[in-house]
Each structure stands twice: as structure tokens, then as C-alpha cells.
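**Q** Single-letter residue listing:
2 protein chains.
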Amino acid sequence: MITLLVVGTVAYDTIETPFGKVEKVLGGSALHFTNAASFFTDVGIVATVGKDFELSDIDFLKERNVDLSGIAIGEGKTFSWSGKYGYDLNQAITIKTELNVIEQFAPQIPESFRDASFVFLANIDPRLQIEAINQVNAPQLIVLDTMNFWIEHKYDTLMEAIEKIHMLIINEAELREISKEHNLVKGARKIMAYGPSWIIAKRGEYGVFMMSENEVFLAPAFPLEDVFDPTGAGDTFAGGFMGYLANIGEVSSETIKQAAVMGSVMASFNVEDFSINRLKKLKYEEIRERYTAFKRCCEFRDIEFR
Amino acid sequence: MITLLVVGTVAYDTIETPFGKVEKVLGGSALHFTNAASFFTDVGIVATVGKDFELSDIDFLKERNVDLSGIAIGEGKTFSWSGKYGYDLNQAITIKTELNVIEQFAPQIPESFRDASFVFLANIDPRLQIEAINQVNAPQLIVLDTMNFWIEHKYDTLMEAIEKIHMLIINEAELREISKEHNLVKGARKIMAYGPSWIIAKRGEYGVFMMSENEVFLAPAFPLEDVFDPTGAGDTFAGGFMGYLANIGEVSSETIKQAAVMGSVMASFNVEDFSINRLKKLKYEEIRERYTAFKRCCEFRDIEFR
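Respectively, the protein sequence lines represent chains A and B. Per our numbering, numbering of the first sequence is gapless, rising by one per residue and ending at 1492. Per our numbering, numbering of the second sequence is gapless, rising by one per residue and ending at 1492.
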């Protein structure tokens, strides 16, 4: 039995930023997500890697109650992504994507994962996201992420997946692309009509926009002086967000706002180093300190009107 | 005697957005600023208009304790700006700027304005901003705005002006351009070394970034479903910000944060209609309501750590 299930990718990344370059480092949506979520709850990860993957590199996650038994070893090499960033770290330029084992990926949710109360479907083919949904037993919260490629090439399948979920976590530009609305409030409302009760739009250094039927919530991104590598920040946000919610076990307007703040706190660590390095060595005490600093950046004394 | 002095432009604007077009409507930095600030304090405005300007159009400001005696009537026509916006309302495209009377503008601060405790130098030639500073008697807070044109063409004069002020309110892109730093924290720190104790970067729909020696504060922009015309939003922000501060009369970390929220609240009204129309008919009660809604969008319950 696990509390939080993630279905996504484990990858080898090659990344270049104005601050350095690393080759064949650990990456992938499911790995960044799990690295963050495992600070708060027990996580089961479903992904596939190639025969070249060094499983011992992610052994440290077991100490954080992560169940790695859902990682299948496929024929061929591990999925790999190569990209670079300029000084405007908001925009990644993809140099090469090698799907490798991902091409035959069909998520097999282990029996012991199927009763997870919280499910995160990281960015993969929406057809596979639907297959994963069909294998789980009525979770309390299903959250889905996607990307421009699926919006442009598998729109109908994606919308079919979106009908089956409770919450969508995507980038601001993806919200605009899916909804064909420039205004986020209008766009989110349009997507909610398909089923989801919550839409979260990630806005990079500007934080997150969150909307439900009754309210909008805006959380800033923690202002950092040194942003090193933004790769995985979105999945780290989702991991902190869902890990926190799964730990609390209650999904309400109040807990979702707190979770968005926790997601932002975790994402602020991720960008401080390449790959999963910063969160690998992160101490729980540092999360508490960063949260206190985060709060100081957005709290203000109530205004008294005459 | 007035509390808040603004030196800037009063203009005729021609504006086109995806939602409509208006010709020769009231605009200009000092007018948008005053329209907002006058809800909170008495304002003295120093600007120049042409013989074609209909002074009776701004008579309504007198009822809000605005002193219009600093508006000089110069030879020639009123300064006019013509611009348009696409669906991404963050970026204005200037079609035509006719300086007209502005070309001979030399701010003459009336005797009765010189003891103002709060001074806002809206975006004009930095040489004129310095001339204005030289005419006032030790105000509590001098705030300056500028634009890319002066950064690119009068950098040294601009930096000389910045040495004489307490706070800079500019756009995010301008902060990057002045400081030659992409990172806002680093950039703000660099500019503060010239003298200002506070730097505010306006980020359009993403709100504002504010930094002092000891802290960073981030306020969101109020999430609107219908943004009609963003012209003057920045000056309206500054007007709400400084009007609120001048009313309180105290400049501290806490009041500056509250003022930034009030500036954002006022800016959210400005974009709901063309020109100064929305704030012209705005009721004080609406400000209170919008503030309550604003707070709901960014407040979250404190997280309790184990």
C-alpha cells in the first residue's frame, strides 16, 4: 500500500545553462516529482528505464519510503533529453530527445499501488495516462500534467484524459493553448467545463495561478539570487504540492493553497543545482526555514479602512 | 500646502486594443497617477498642456482635493500618444508620439507645493526630474519612474537623478536594462548602491516585485477576467501606492507593503475601461471591496510543521 502514485518518466538529461553543463545526469518527470514528494509521504513510482540505467543511483529514495518496484527495465536505452537555457531561464531549448525505452512504455500499475489515494500522471502520451487511470481504484485526487506536443498532436485523446481527472497542473502557455483563451481566468473556466475542479498554471519565476469554481489563488515564486538550472522545477512543484496534500489527507480550498505554497518552496530548492542534486541532499529543517522566508515575502498587514 | 506632489505629463491618447478604439482621450502619467492618488490624499499636479486642452475635463479632480494650479498652458498643442495592444496586453506598440508642448517643458513647482512630504517624478527627461528635485524642500519620500528611452539615451543623467531619490518604480524590463542584470534581486541590489532604499519592479499581469536592503516583497496583480486597456496601469499603481502612503504619513516596511497592495488594487480598476474612465467614476466603497477580494487571492493558512 502506498499513499501517492506517480506515473511518468525517469531519464538521463544533458543540460547546459549559462552557469555550467552536465551530461547524462538523473532527470525525468517522475524522478523530480518523487524526489520532492518523498519528504512528505510514501510514494510509489511507475516508469520504465533501459538496461543502461544505474538503479543504485536512486537507492537513496528507498530511505524516504519510496517504492521503486514499479520501475520496469525495458529493452534498449533509457529515455534521454538534452537541452539548454539562456539567461532567461524561463524557456528551455530542446537539443535532442531520444525516446528509447519510452517508445514501448505501457504503464503497469502494481497491485499494491492501485489503492493509492493520490495519483499524479506526469507528462506522457495521454493515451497512456488514460490507461493508468483505468488501473487505479477510485483515488481521492487524480492530477494530470501534459505538454505542447500532446496538445498539438493528440488534442482529442488529451481532452478525454482531462475529463477523467480532478486537477490539471500545466504551464501558463499550455493553459492558453488548450483553452484557446489568452485570459487565464477565462481559459481555466473553459477547461473546468470538461471536468477538473482545479486548474493550476505554473508561471516560472512568477509563481503559480490556481483556480477553482469559487476562487482564484496566486502564489509567488520564491525570489532567488542564483537560479542555476530550472529543469524539473515544474515536476518538483507538483511533487511538493501532492506530497503535502497526501500527508494531510484532506483536499479542501485551504489545504490546496497550503500545498501550492509548499510546491513553490520545493521548486525553489530544485533550481539551485543541476539535476536532482539539491533535493537529494536537502534536510527537512531547510524546508521549514525556506517556508518561513517565503511567507515573509508575501505577507502584509491588513489594511484598515476608515 | 499639499501632501503629495506629482510632476509628469497630461496627454491626449489614441488607443486601440482588441476590444475597441478611442481617439484623443485623457491620458498622461501625471493624470493617471493623480486620478488614483486623490482617493487617499490631497495632490498637487505639475504638468504642461497645450492651448487645445479642455481644462474643464479634469475639473472633477478638484472635488477630490487636487490642486490644478501647477498645470501650465504652453504654446502649441497638448502632448499626444497613440498606441495599440494585441491580445497579450503586456506590451504596448507605440504608433506615434507627438511631444508638442512637452518639448519646452521645464517644471515650475509652485511655492505652495514645495513643502510636499511625498513627491512622485513620473516618466520625463531625467534632467527635468533633477530640476524638480532641486525645487522641493526635503520631502520624506521622493519616488522616480523612467522608461527605456532615457535609459538608452541619457543614462548618466538618469543615474544622477537616481542618486537623489528614495525609491525607484519601474518596469521589470527597465530594471534589467538599468542594472544590466537578468536576475531582479541582483539588479535591484546594484541600483540600490546608487542611493535608493527601495526598488519596485512592475510586472504587468504578474504583479510587483519590491526590494529593500533587508527584504523582498511580492504582490500579485488582481486576476481579472476582462482587461480592457492597460494604458496608465503603471502610473495608477504608483498613484494608489503613494496616495496610500501619504495618507498614512509613515514610511516603513509594513506601510510600504500595504501601499503596494493598494497600488495593485487601484491598477486593477484602471484596466477595466479606456483612459481615466473607470477611476473617474469609482466609488471609495468599491476600493474596499476589491481589496477584500484581492486579499482572498493571496492569503493562505499558516502551515504547521511537525
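Hints listed in this document are in silico derivations from the structure and should not be mistaken for laboratory results. Watch out, some of these pointers could steer you wrong.
As the list makes no split between identical chains, a pair holds if one copy fits it or if it spans any two.
To be verified - Straight-line Cα separation of at most 27 Å, DSSO-like style, residue types lysine-lysine; simulated pairs:
no. : residue 1 : residue 2
1   : 1210      : 1469
2   : 1366      : 1467
3   : 1350      : 1248
4   : 1372      : 1270
5   : 1350      : 1210
6   : 1207      : 1263
7   : 1282      : 1248
8   : 1248      : 1372
9   : 1481      : 1443
**Q** Evaluate each hint against the coordinates.
**A** Going down the list of hints, with the structure as the test:
{"no.": "1", "hint": "1210 x 1469", "in the structure": "within (25 Å within a copy, 60 Å between copies)"}
{"no.": "2", "hint": "1366 x 1467", "in the structure": "neither (41 Å within a copy, 33 Å between copies)"}
{"no.": "3", "hint": "1350 x 1248", "in the structure": "neither (31 Å within a copy, 58 Å between copies)"}
{"no.": "4", "hint": "1372 x 1270", "in the structure": "between (33 Å within a copy, 22 Å between copies)"}
{"no.": "5", "hint": "1350 x 1210", "in the structure": "neither (35 Å within a copy, 52 Å between copies)"}
{"no.": "6", "hint": "1207 x 1263", "in the structure": "within (22 Å within a copy, 58 Å between copies)"}
{"no.": "7", "hint": "1282 x 1248", "in the structure": "neither (31 Å within a copy, 64 Å between copies)"}
{"no.": "8", "hint": "1248 x 1372", "in the structure": "neither (43 Å within a copy, 39 Å between copies)"}
{"no.": "9", "hint": "1481 x 1443", "in the structure": "both (13 Å within a copy, 13 Å between copies)"}
In summary, the numbered hints that this structure violates are 2, 3, 5, 7, 8.
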